[in-house]
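> Each chain, written out:
Protein chains: 2
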Amino acid sequence: MTPSFALYVVTDEVVSGNRSHLECARAAVAGGADAIQLREKAKPPWEILAIARAIRAATAETGAIFIVNDRLDIALAAEADGVHLGQDDLPVAAARRIAPSPFLIGTSVGSAEEALRAERDGADYVAVSPVFATGSKADAGAGHGLEVVTAVRQVVRIPVIGIGGIGPANAADVIRAGADGCAVISAVLAQPDVAEAARSLRSVIVRALTDRRSESA
Amino acid sequence: MTPSFALYVVTDEVVSGNRSHLECARAAVAGGADAIQLREKAKPPWEILAIARAIRAATAETGAIFIVNDRLDIALAAEADGVHLGQDDLPVAAARRIAPSPFLIGTSVGSAEEALRAERDGADYVAVSPVFATGSKADAGAGHGLEVVTAVRQVVRIPVIGIGGIGPANAADVIRAGADGCAVISAVLAQPDVAEAARSLRSVIVRALTDRRSESA
Numbered sequence: 102m103t104p105s106f107a108l109y110v111v112t113d114e115v116v117s118g119n120r121s122h123l124e125c126a127r128a129a130v131a132g133g134a135d136a137i138q139l140r141e142k143a144k145p146p147w148e149i150l151a152i153a154r155a156i157r158a159a160t161a162e163t164g165a166i167f168i169v170n171d172r173l174d175i176a177l178a179a180e181a182d183g184v185h186l187g188q189d190d191l192p193v194a195a196a197r198r199i200a201p202s203p204f205l206i207g208t209s210v211g212s213a214e215e216a217l218r219a220e221r222d223g224a225d226y227v228a229v230s231p232v233f234a235t236g237s238k239a240d241a242g243a244g245h246g247l248e249v250v251t252a253v254r255q256v257v258r259i260p261v262i263g264i265g266g267i268g269p270a271n272a273a274d275v276i277r278a279g280a281d282g283c284a285v286i287s288a289v290l291a292q293p294d295v296a297e298a299a300r301s302l303r304s305v306i307v308r309a310l311t312d313r314r315s316e317s318a
Numbered sequence: 102m103t104p105s106f107a108l109y110v111v112t113d114e115v116v117s118g119n120r121s122h123l124e125c126a127r128a129a130v131a132g133g134a135d136a137i138q139l140r141e142k143a144k145p146p147w148e149i150l151a152i153a154r155a156i157r158a159a160t161a162e163t164g165a166i167f168i169v170n171d172r173l174d175i176a177l178a179a180e181a182d183g184v185h186l187g188q189d190d191l192p193v194a195a196a197r198r199i200a201p202s203p204f205l206i207g208t209s210v211g212s213a214e215e216a217l218r219a220e221r222d223g224a225d226y227v228a229v230s231p232v233f234a235t236g237s238k239a240d241a242g243a244g245h246g247l248e249v250v251t252a253v254r255q256v257v258r259i260p261v262i263g264i265g266g267i268g269p270a271n272a273a274d275v276i277r278a279g280a281d282g283c284a285v286i287s288a289v290l291a292q293p294d295v296a297e298a299a300r301s302l303r304s305v306i307v308r309a310l311t312d313r314r315s316e317s318a
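Those protein sequences? They're chains A and B, same order as listed. With my numbering, letter number 87 in the first sequence gets 188, and the count goes up by one each step, no holes. With my numbering, letter number 51 in the second sequence gets 152, and the count goes up by one each step, no holes.
Just chain A, same shape as in the assembly (with noise of 0.2 Å):
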């Protein structure tokens, strides 16, 4: 069964006005997340591993997808179900052979050319990262636009996700531009009540796909 990435909450502490990773998973997954990733590049690895080896308890009980961010070494070790490789990380092809499936491989990219590839290389998903600008991740860029959402969706088979700039007022845009699911940071993890943000956007994310099935049907 292909998984579901319809609501993919990144946590950060410092979007999250710091709090920690765990609470951000646990209040995101509270609220109906479908897949959580960790990342976090300052603290040292063993930390990062206890904070992975905590989210993975907390996200088994719900059934969430758990992934951690660029290190497949702690990923594996947590018992994540996969790694997101951004561009600076390990090359899918690389990380493929170390995690066979059913482990799961997303990675970023920025065009339908980086998204083939992708798949071509063992990817379960691509994140069209960014599709609108974004506070969240400073190194992000301008976005690419849904059309590039679009182009990507045209040719993959597996999950396509939109990250960057994403929120309530926009959501549904990326889903019928042909996005799977949307991945967030600050417009869950940035509000008083992250569960209820998830809650809120999950449901503008799911009633999107929805209509688009029934549209397609």
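Hints listed in this document are in silico derivations from the structure and should not be mistaken for laboratory results. Warning: the hint list may mix true and false statements.
[Said to hold, decoys possible] Calculated cross-link-like contacts (lysine to aspartate or glutamate; reagent style EDC-like; alpha-carbon spacing at most 16 Å):
hint, chain 1, residue 1, chain 2, residue 2
1, B, K142, B, E114
2, B, K144, A, E114
3, A, K142, B, D189
4, B, K142, A, E114
5, A, K142, A, E114
6, B, K144, B, E114
7, A, K142, A, D189
8, A, K144, B, D189
9, B, K142, B, D189
10, A, K144, A, E114
[To be verified] Partner residues are not named here, just some residues of chain B that face chain A (Cβ under 7 Å, in silico):
hint, residue
11, P146
12, L173
13, L177
14, A178
15, D189
16, D190
17, L191
18, A195
19, L217
20, V307
Cβ atoms here follow ideal geometry from the backbone N, Cα and C, with glycine treated the same way.
Dock chain B against chain A, hints included.
Below, chain B alone, put in the same frame as chain A:
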């Protein structure tokens, strides 16, 4: 067969006067280094992997052991012989579950107790770090001294390596204290002729190892 770690060179582009990791590794193995560790904390993962693959090819020609610092995933992707885990990195037991023998796992220790735990958790060697005070690693602190090398040697069966402030003048002392090898950065890489520095330091170490064995025979 127990691998030989007599002369173990840790690459460092700054200490080496901006020679690349690959140049450092090539020169060190040309001088007879038994093991090379790629230690790179600043570059992005994809680039560390590319460097690791190049060093893997260079060490394969001479049979030198090739170890990657910290990143078990990069070590596996580069088909290195092993990983070296510092105190901030993945715990040995977590790494061992991902990477079964004969993949080598080494770790830094500061006491006999830490060495015993590392051996029990599946380490293939321990590095007493630092033996002496050193300028090559900013965070290494004061030296543990030769007594700790001896104490570690008495409690574990796996190879014991000394690292930190070791050079031609004191390498034999480290071996006499019970080490099976010496790991160095600047004693080899900060020298104008790296291969010659490796050759000359290795002969000091091998002579001390030979003397120790004949004394105990």
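> Now tell me, hint by hint, if it's right for this structure.
Structure-based check of all given hints:
1. Only pairs whose Cα atoms come within 16 Å are accepted, and K142 (chain B) paired with E114 (chain B) is accepted, the gap being roughly 11 Å.
2. A C-alpha spacing of about 24 Å is found between K144 (chain B) and E114 (chain A), which places the hinted pair above 16 Å, so the restraint is violated.
3. Simply put, K142 (chain A) and D189 (chain B) have alpha-carbon atoms about 14 Å apart, close enough for the 16 Å limit, and the pair holds.
4. At most 16 Å may separate the alpha-carbon atoms for a hinted pair to count; K142 (chain B) and E114 (chain A) exceed this at roughly 23 Å.
5. Pair hint K142 (chain A) plus E114 (chain A) holds up; C-alpha atoms about 11 Å apart against a cutoff of 16 Å.
6. Of the supplied pair hints, the one linking K144 (chain B) and E114 (chain B) holds, its CA atoms being roughly 11 Å apart against a limit of 16 Å.
7. Using a Cα cut-off of 16 Å, the hinted pair K142 (chain A) and D189 (chain A) holds, with the two alpha carbons roughly 12 Å apart.
8. For a cut-off of 16 Å, the pair hint linking K144 (chain A) to D189 (chain B) stands: about 9 Å separates their Cα positions.
9. Of the supplied pair hints, the one linking K142 (chain B) and D189 (chain B) holds, its CA atoms being roughly 12 Å apart against a limit of 16 Å.
10. Distance hint between K144 (chain A) and E114 (chain A) is fulfilled; the C-alpha atoms sit about 11 Å from each other, no more than 16 Å.
11. Look at P146 (chain B): its Cβ gets to within about 5 Å of chain A, closer than 7 Å, so that hint holds up.
12. Because the beta carbon of L173 (chain B) sits about 4 Å from the nearest beta carbon in chain A, less than 7 Å, this interface hint is met.
13. About 5 Å separates the beta-carbon of L177 (chain B) from the nearest beta-carbon of chain A, less than 7 Å, and the hint is met.
14. Given the 7 Å rule on beta carbons, the hint for A178 (chain B) holds: about 4 Å separates it from the nearest Cβ of chain A.
15. Among the interface hints, the one on D189 (chain B) holds; its C-beta lies about 4 Å from the nearest C-beta in chain A, closer than the 7 Å criterion.
16. A least Cβ separation of about 5 Å between D190 (chain B) and chain A falls short of the 7 Å threshold, and the interface hint therefore holds.
17. Proximity of L191 (chain B) to chain A holds as hinted, the smallest CB-CB distance being about 5 Å (cut-off 7 Å).
18. Using the Cβ-Cβ criterion of 7 Å, the hint placing A195 (chain B) at the interface with chain A is satisfied: the shortest such distance is roughly 4 Å.
19. For the restraint placing L217 (chain B) at the interface with chain A, the shortest Cβ-Cβ distance is roughly 19 Å, beyond the 7 Å limit, so the hint is violated.
20. Annotation: V307 (chain B) was flagged as interfacial toward chain A, and the flag is violated, the nearest CB pair being 34 Å apart, outside 7 Å.
Of the numbered hints listed earlier, those contradicted by the structure are 2, 4, 19, 20.
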